[in-house]
Amino acid sequence: MVTTMTFLRTAIYIAAWLLVTACTPQKEPEQNNLYGNALTSLDVGKQVMPNQEIRLPDDHLSHPKYNVEWWYLTANLFDQQGNQYPLQWTLFRFSGTQSSSAWHDNDQFMAHAKLMTKSTNWFSEKFARGGVGNAGVSILNDSNKFSAFIDDWQWLSSDIDLLPASLSFDLTESVNVNLSMSSSGPYVLNGNNGYSAKQQDGGHASMYYSQPFINISGTLQLPEKVVEVSGKGWFDHEWSARLTDENTAGWDWFSLHLSNNSKLMVFRVRHTQLADSWFGTYISENGQQIHLDGQDIIASERTFKLVRGRQIPLDWDIQIPKHNIQLNVTAFKEDQWNDALFSYYEGAVTVQGSHTGVGFMELTGY
Amino acid sequence: MAKSIQLMLNKITFIQVLHVLFKEHIQHPIRGAAIIVAMAIGCAGLTSVLVINETAKQSYNMASQPLVSNVHYVVAPKNGERIDKADYAKLRRQGHTGLVAVTEKRFSLLDNKSIQLLGIDYYALINLANNKEVTPQNPVSNIIFDETARYFIHPDIKNNLQFETNSQGKFIQLADRSIGPVAEFAGTGMGPSLIADVGIVYEDFPDSQLSYLLVVGEKQSADMLSQALPPHLYLKALVTGEDAKTLTSSFHMNLFAMGLLMFVVCLFVIMNALHLLMNKRIRTYKILRQMGVPIRTLTTVSLMETGLISSVGSVMGVVVGVWFASLLSPAVNQTLASLYNVSVGTAELSLLEIFLQCWGACLLGGLAACFLPLQQVNQKLTSLSSQQANPNRWFWISILLLALALFLSFTVDDVLRSFIVICLVIFAGCFFAIASIPWILKQVKTKISTNYPIIHWSISDALRVSSKSNIAFCAFFIAVVANIGMNLMVDSFRTATQSWIEQRLDADAYIYTNESLKITNWIAQQYPDIQTVIRQQEEGSFQQQSIEVRSFPLSKERRSALKFEEAIENVWQAFSNKNGALINQQFALSQNLSLGQSFTINTETLGKQQLLVAGIYPDYGNPQKQLLLPPNKVKEPENGRNIIALYLPQVEGARIQFDALMGTFKDTHQQSDLIKTEQLLVLSMETFDRTFVITQGLNIITLLVAAFSLTTSILIIDKDNAPQRALIKSLGVGANRLLVTTLTQYSMLCLLICLLAIPFGLGLSWLLINLVNVHAFHWTYPLVTNISVLTNVVWTSITLIILTVFIPAFKTAKYPLLRELKWLQR
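Top to bottom, those sequences are chains A and B.
In this text, residue positions in the first sequence follow my numbering: the first is 3, and each later residue adds one.
In this text, residue positions in the second sequence follow my numbering: the first is 4, and each later residue adds one.
Hints in this document: simulated from the structure, not taken from any laboratory.
Backbone N, C-alpha and C fix where the C-beta goes; we use that ideal spot for every residue, glycine too.
Worth double-checking, as some hints may not be accurate.
As the list claims (entries may be wrong) - In silico contact screen, one side only, chain B against chain A (beta carbon under 7 angstroms); selected entries:
| id | residue |
| --- | --- |
| 1 | Ala92 |
| 2 | Gly202 |
| 3 | Arg286 |
Said to hold, decoys possible - Some residues of chain B that are not near chain A, with every Cβ distance over 12 angstroms (derived):
| id | residue |
| --- | --- |
| 4 | Gln19 |
| 5 | Ser314 |
| 6 | Ser675 |
| 7 | Ser750 |
As the list claims (entries may be wrong) - Label-pair ranges, simulated between beta-carbon atoms:
| id | chain 1 | residue 1 | chain 2 | residue 2 | range |
| --- | --- | --- | --- | --- | --- |
| 8 | A | Ile292 | B | Gln97 | 38 to 48 angstroms |
| 9 | B | Asp149 | A | Lys48 | 23 to 33 angstroms |
| 10 | B | Leu355 | A | Lys147 | 51 to 61 angstroms |
| 11 | B | Asp149 | A | Ser140 | 28 to 38 angstroms |
| 12 | A | Gly311 | B | His235 | 30 to 40 angstroms |
| 13 | A | Asp60 | B | Asp149 | 34 to 44 angstroms |
| 14 | A | Gln156 | B | Ser597 | 51 to 61 angstroms |
| 15 | B | Leu355 | A | Gly84 | 45 to 55 angstroms |
Let the hints inform the model, and build the full structure from the sequences given.
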């Protein structure tokens, strides 16, 4: 029933809405919100240890004792005309925020998927709980295949290994992605045999391996056409006790496919109390992997641009003098912001300099 | 050049005319105010009804579409099957991501009422919110990310519950435990239930099971989903919201009909006020015409004036209407909650939308109402002498409308056309009244000897008044017809319901409980002489529609409890031994089933079974299609929510046991209610009366408005009567006698209108029962012509007329003769 109070409230709402829309900008971005500050509040799970080993294919699966984990695919795909279609598909798993019940277990899943062209971004996200059956990372009972899925978004391998595999997901009713993926090189254990420190004092670390040698082909169903594409992909799988600590301001992460078929992954963790930490892995064209730390990496932002109300460094200089690498890394386009519940910048990059190439960068905490 | 000068002159003329009319309003503020008040009253009635109806309907929708919209189906388990989270996960993995899992529970509260808990998959809701909609402003995100509470409830619902507060927050006290913390949330989509995440419900109530999956999305997507469903699940058209609407549709239709009626009556009142205003303005218009103002300008300006008055009147009306709705809200809430277990009060209404609706209706109505008076003014301005209309034409129009209504009544197959027939009958009555009143007065006048000059004058005056107040008479006539029609219908419904319920409640007492088997066992042990009967029940389907299947005892002594509308010759034999089934009117009328006809139903106990309609029984107030079968054909009773009938056999000691049971029951079974049949009858009829209390209130208000309009009209016309009044006074007729004569004259006019309205009121009542009820609710009952109802309406009408006319008539009668004579010198 409409009460007098409701009537008054409605009138006040209308007046307030008129005032607000007339006088203020549409959205005031929260500064320095690492995933909206939401994920930093997770409880701390089991810690990864420096001597911990990564065993594949077993470690492709979920690690429920660790509170944060993700399976992260980025790819730069091209059609026959040379048009670029950067793509992201990520499945996150978090635990430590909810108790289990007959409905769900401790895990919560979040998935992000994105496809871009020069003019358009299609982004979608999904959420699910573990134990219900509509999200998980497991070997399927009926087919003995590796699968990472959330609802109808699915990475489905041909066996218990990660690759070869198919990946399918939809971003809107009219945008669907169906890809076939295979690997042409070895898995790369980042850090110290997969133990990847995030701070120089070793305060936070994760287990982290990558598959940077992924060949992808497939079909993109777009609103007005169907496009056959192919290109290179990069896969990361990482798990840890927590996302970051409370003093982490954000990170800048790059995965680059260089022209001589070598690969470079570097990342910086920005810290409010400690000095920023740079780490990385250089992978030669024959798959040899070399761990990089702050002493090996010279990197700096060249230009900041205003994206969705935030100053974001979209142009970078990255040098690895030990390997004669001097790169200028530039965003594929300015607006590659993932406007998700927990938002961040994830976008394709173009590489110029001593090497050319393409890649991806993830910038959080801006 | 000449054209532009002409345009400019027109413009000046236009403004000048506006100015003149404005000045008139300043000089005679009562005239304009009367129209605004009429408009405001009509609009207030309509607004109140719209607000109440809209709020209630939104509440029902929210009850069936918790936190989401665009839900047309649910995925539900078939009879005897279950739906579990594996089904849900599988369907979601197949791409049916518009599904939202819901677990439903109902809990008893401390005051023996109950509350529904809906456990909803919040994660599915976030996905549906589609990224950008999940912002802090989104109601779903408000609930999902609120870490201070596990349960949410709308503030309006919260007021009916009992809470305990501890350091963690507020907890709702259920009959056997507390749950919480509970937070209030007044966002859209909050129905009358307690809302929580499905995971929390499973945590707090580990025995929870999925109830159904909401299918969010366009209807087309349901086809694909239907094909993907496993055999034990089916796609069920979401009828909960519709059911709720049907449940209360009787109430809403009454309310809406009354609101509309009030609006129509007010339109007549407006038309009457405008008519009087225009008549008073004739002199002004004539002067304006003599000054060269074209008729078109006068018409345009008058229409503009009406538009402006409509706008002012509608603003006032909406404000008053919303206020009135808020005053009525406790009564409406109580009615709906007690009758249908639905709560009103959680909807977010667009007042702008309601205002636009009312303003549009007022504007159109005002302009339409203005049309007739304007036409009459134009006729008076363009002709030297107005042509006398053929007095018989109203009579013939009335006959024509009645014939049309009669013809249409044979072809009516829906509620809308039923209302059209009703409108035709009411308007036929109006025209009949307009034609008859002068004729009757003339006949009476010829019969009255001139030896009674006052009476003779009074009748002549009434004749004069009647010829000038057609529109006001119409408004009053409609109000009286509607009053008679509605009151007779409600009275007939009450009589039918009372007779039906008295026959149906043949037990000595009834127990309302959640643990039926436990209680029957207890009674069997403690009070073996008392016979207990649990009515078995299950859900069945007929042509994919849900039907209630209930058991009916086979014993001869119970048969008399069932009152038949119609039945085959050996109805009980067919019911006991063959495939005879007894169906309620709702089932029969909605599915066009008649006696002796075969039909096939599907129930868990019988499977697919062909049955024969052996009898059709009234089942007033039940919105569901219902079927009675012998107990052996209906599912055995389970220990759950049910009603137990208690019978006292004619054996010694049974009464003593019964009294002992009455004495101890409340202490031993605090969660159940034992009610004697006589108390239950009283309660039922009280509930019935409460249902119609609001519509009857509106009925009286409508009558009052119409009486007010008629009185105003008569009094304004009476101002022209000063010469005659002066003459009568000069002949020595005293003020008191004049007052009595005036009041008698108005009472007689009112009585005449009421007498003319009675046959049309009877007709209206018949139409409401036999057309509207049948098409809207699929039930009907005999029309009872209760003389006391008719007399009440007549007395109420006359009383209202006398009350409204008394003070002005008293003042007029007391006018000194000198003042009346002064008037003659003007």
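Here is how each hint holds up against the structure:
Contact between Ala92/B and chain A, as hinted, is supported at the beta carbon level, the nearest pair being about 3 angstroms apart and thus within 7 angstroms. The restraint placing Gly202/B at the interface with chain A holds, with a minimum CB-CB distance near 5 angstroms, inside the 7 angstroms limit. Taken as an interface hint, Arg286/B does not check out: its beta carbon lies about 44 angstroms from the nearest beta carbon of chain A, beyond 7 angstroms. Remark: the non-interface label on Gln19/B is consistent with the geometry, its nearest Cβ contact in chain A lying 38 angstroms away (cut-off 12 angstroms).
The Cβ of Ser314/B lies farther than 12 angstroms from every Cβ of chain A, with a closest approach of about 19 angstroms, so its non-interface assignment holds. Its beta-carbon lying about 30 angstroms from the closest one in chain A, Ser675/B satisfies the requirement of being farther than 12 angstroms from that chain. The beta carbon of Ser750/B is kept farther than 12 angstroms from every beta carbon of chain A, the shortest such distance being approximately 40 angstroms. In this structure, Ile292/A and Gln97/B meet the distance hint of 38 to 48 angstroms, their C-beta atoms being roughly 45 angstroms apart.
One distance hint, 23 to 33 angstroms for the beta-carbon pair Asp149/B and Lys48/A, holds here, with the actual separation near 29 angstroms. In this structure the hint that Leu355/B and Lys147/A lie 51 to 61 angstroms apart at CB holds, the actual value being about 57 angstroms. Separated by about 32 angstroms at the C-beta atoms, Asp149/B and Ser140/A satisfy the suggested range of 28 to 38 angstroms. Range check, Gly311/A to His235/B: about 51 angstroms between beta-carbon atoms, so the 30 to 40 angstroms window is missed.
For Asp60/A paired with Asp149/B, a C-beta distance near 39 angstroms keeps the hint of 34 to 44 angstroms intact. Between Gln156/A and Ser597/B the CB atoms are about 56 angstroms apart, so this pair conforms to the stated range of 51 to 61 angstroms. Between Leu355/B and Gly84/A the beta carbon distance is about 53 angstroms. The supplied range of 45 to 55 angstroms therefore holds.
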